[in-house]
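> Listed here are the chains, written in short residue letters.
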Amino acid sequence: MLPSRAMTGKAVGRSVPRREADAKLRGQARYVGDVTMPGMLHGATVRSQVARGRLRAIHFGPEVRWDEYVVVTAADIIAAGGVNTVALIVDHDQPALVGIGDIIAHREEPVVLLAHPDPHALEPARRAIRLEVEPLPAVLTLDDALAARTVVYGEDNVIKSYGIDKGDVDAAFAAAEVVSEGVYETGAQEQLYIENNGMIGALEGDVVTVWGSMQCPYYVQKGLMKCFGVGPERARVVQLETGGGFGGKEEYPSILGIHVALLARKAGRPVRILYDRGEDMAATTKRHPSRTRVRSAARRDGTLTALDIDFVLDGGAYATLSQVVLSRGTIHAAGPYSVANVRVRGRAMATSTPPHGAFRGFGAPQSIFALERHLDEVAHKLGLTPEALRRKNFVTKGGELATGQLVRDDIDLGALLGSALALADWERKRTDIAAERARSGAPLRRRGLGLATFLHGTGFTGSGEKYLASVVGVEGMADGRVRVLASSTEIGQGTQTVFAQIAADALGVDMADVEVATPDTRDVPNSGPTVASRTCTIVGKLVETAAHTLRARLVAAGLLPADGGGDLRAAVQRHLATLGPLRALAQYEAPPYVKWDEGAFRGDAYGAYSWGVYVAEVEVDMLTYEARVLDFVAAQEVGRVIHPVLATGQIEGGVAQGIGWALYENVVWRDGVMSNNRMTDYIMPTSEDIPPIRVLFAEAPYPYGPFGAKGIGELPMDGPAPAILNAIEDALGVSIRRIPATPEVIMDAVEGAGASNGDGAGAGAGVAGAGVAGAA
Amino acid sequence: MPPQPQPPQPPTAGSKVVLTLTVNGEAAEVAFEPHKTLLEVLREDLALTGTKHGCELGECGACAVLVDGKPVLSCLMLALECGGASVTTVEGLARGAQLDPLQDAFADLGAAQCGYCTPGILVTARALLDQHPAPTRPQIEEALAGNLCRCTGYLSIYQAVEQAARKAR
Ligand code: FES
Ligand code: FES
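Chains as they are written, first to last, in this note's numbering: chain Y, 1 to 776; chain X, 1 to 169.
In case anyone wonders, no lab produced these hints; they're calculated from the structure.
Just so we're clear, the structure is a prediction, and the values are computed from it rather than from any experiment.
Just to be clear, a hint being listed does not mean it is correct.
Covered, in the sense of this in silico footprint (three residues per stretch, anywhere, with C-beta under 8 Å from a C-beta of chain X), are these stretches of chain Y [stated by the list, open to error]:
(1) 26-32
(2) 636-648
(3) 654-661
Using N, Cα and C, we set each Cβ at its ideal position, and we do this for glycine too.
Next comes chain Y alone, as it looks inside the complex (with noise of 0.2 Å):
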């Protein structure tokens, strides 16, 4: 892969038309639901309704005519040739439906597809099956995977673990002038995309066709594969306009993709499956809950010597994602400082749950949160201000990260943290804070600031990338326009938009020459996962790379002129005319210095980092103990910006939703399954929660991203909840170690004084003077 040219065109850093706009402006986007098929039936899903058992027989009730409809089992995939799983990164994982005589996982588990024309039909029939289940013990806590006295999974319910070792941690440890310990806790986070689940699957000819809302069209055809037995050719995948994902429309897609298509294939005719909320709250996929403990050795004057860090994620039932999920969120956990010491062991267990999986931040926000509200603890308890603290440790360029990776990023976080620190008017507020405390010893609303420093890597993690070797095309068309050829999605993001500036410019042309192809497996080649911040820079960077080889095809031809310039749209159109086809692809290749050890999880880990630096300005109520962001600054290093509007909206985003899992979104369990999946029982952040945001963007270049461009996309995910927590804590006095930090949550910390806080030796959850917590 060679680095970006320095050229500058009329598109990329420019705020461009966006190009989805209008369609879903005018209400003419046609999503899943808008989407209908002659003949078509509607589909619905019976669930097991047990945490665990095994199922012995299904029961059809008398009170239904079964011959109206359509109903398929596993045994109709074992009957048809195929492979009863849900193939994803793990080949065999969870079933596409439990079959009888299979263990039951979780509670809600596929086991009866139904179809039917009238979609009112479907709940009465739903209802009149009955599942004769074995019960078995499950595992509904973190605790008991880790007591593994029920093992749910492998010998020890461990589906994965990961190991950093760097330096000598124990001598660092023995010789540490200030030892601090804390466990940190994180709560699920449902995705809560405003568009549910929904796919319609038909057979066309001898190919299995679905359609959908996903954001990884490949996932879905390699599931289509297994489970019907059939090559790619048979099996066709196309995405619909997609009504967002942030990760939860990364796997889900590929198990309702196959329950589409099965009930298709027997039904003879198109079907179509939309959930419902509160079965999409309660089935699809959400954020790992995390419980991380963390050991920090540091000298008097801030320097951290060493860190020991243990991050446990609750994976649910099956593997799926979690392996990729932990590792991302072990790689991340030292942070952005350079320690010479360092122990990080990462581990991935099995409950009773629905699988957790992919949600924006992949792993990273939770091993990130405890990291950064541990720095804050240990700041108070050595007398440094927390900005001070992070001064002291952090990486600079050449610099090395807990895989021994040195930093090539031109970054300086120093600059960064004075740039956010600026923005959020830190010190002014700062006093003016103090002053009210002073002035006033029990105010009815205290104030806080809070800040986090972190970074998030680029793209898949270690050798991710290398083994996805995405594939982009670029190719003339009849009307000498030029067409993109990817299966990376829009999701909301502006992809197209993004793929089109890049095209544009690295083809020297206007972005109205420009056409990105829908994701259609049967006409665009497999760009890898919409996912881990990777579609403007990995994927962007084939885009132009297809394009810089097919403006050379072009050249070479003679057609064009070597020094740039010249008539694109009449080139083509001469080489389609004379000299056939013209099509370029580009190909995923490392960039040269990046080299991983998968083994010894050392390495570089990404080819690059964003880095950000968030400040949140908090106040607590101290009647209700609701806490309330103020004031919001965002200021990140994420390469060059290719769409300042759009990705500026990546970041408020983020940042909403990061606001929504450290304070609002609390998923109640009972007995292993949500039980609060109604949009009224689980809060989001509404218009009237969200505080000014103001986002900065420094850019320094990434010479193998597209222009320059680095990932941007999960980046803010990572720091609201640690700079949230830092400000409540800077608030009260009190460290609270667990989100969502709900009233009751922010209660039992003041008036519990901290007692239902996971604590440890060093510092203390304990109440202490204004903005001091657990004195040493």
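With chain Y fixed as given, assemble chain X with the ligands onto it according to the hints.
Only chain X with the ligands this time, still in chain Y's reference frame:
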């Protein structure tokens, strides 16, 4: 004078009722099963799929439309209650190629990301601007408090409403 609402007809199982109403400025006669919500009739019987469903329990605002100029959650309203009413959906905002100033502002400022909440937010904001041509930020926040958006964090939406208001003056 607007046409008088017709009295609801008693539901008859399996049979359809016929209702006359004005949709996006045009008179429409529609036959539907009497138990259907306005949302279902718009989407299924009038093929106006621009109005979305996110919960069908009155919790998300994706289904908002204007009935006689006022925002309502169409998933909670029986279509039978709308006889003679004038209904505006997202499809009724633009005049042919000419977008409503709100739609223009949403496009400029990135106020629609995935776009799924957008139809409900656009019509709700339209009603706000019709009533308050120069709304304050708190008025905008309050007007849109029932419309959930998971993508944008709302700020670009406020700015777009403000920009549309400025341009209209
Ligand atoms: S669909 Fe009507 S409020 Fe959600
Ligand atoms: S733009 Fe996606 S929910 Fe609002």
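> Look at each hint and say if it fits the structure.
Taking the hints in turn, this is what the structure says about them:
no., hint, verdict
1, 26-32, "holds (count 6)"
2, 636-648, "holds (count 3)"
3, 654-661, "holds (count 4)"
Going down the numbered hints, you'll see the structure goes against none, and every one checks out.
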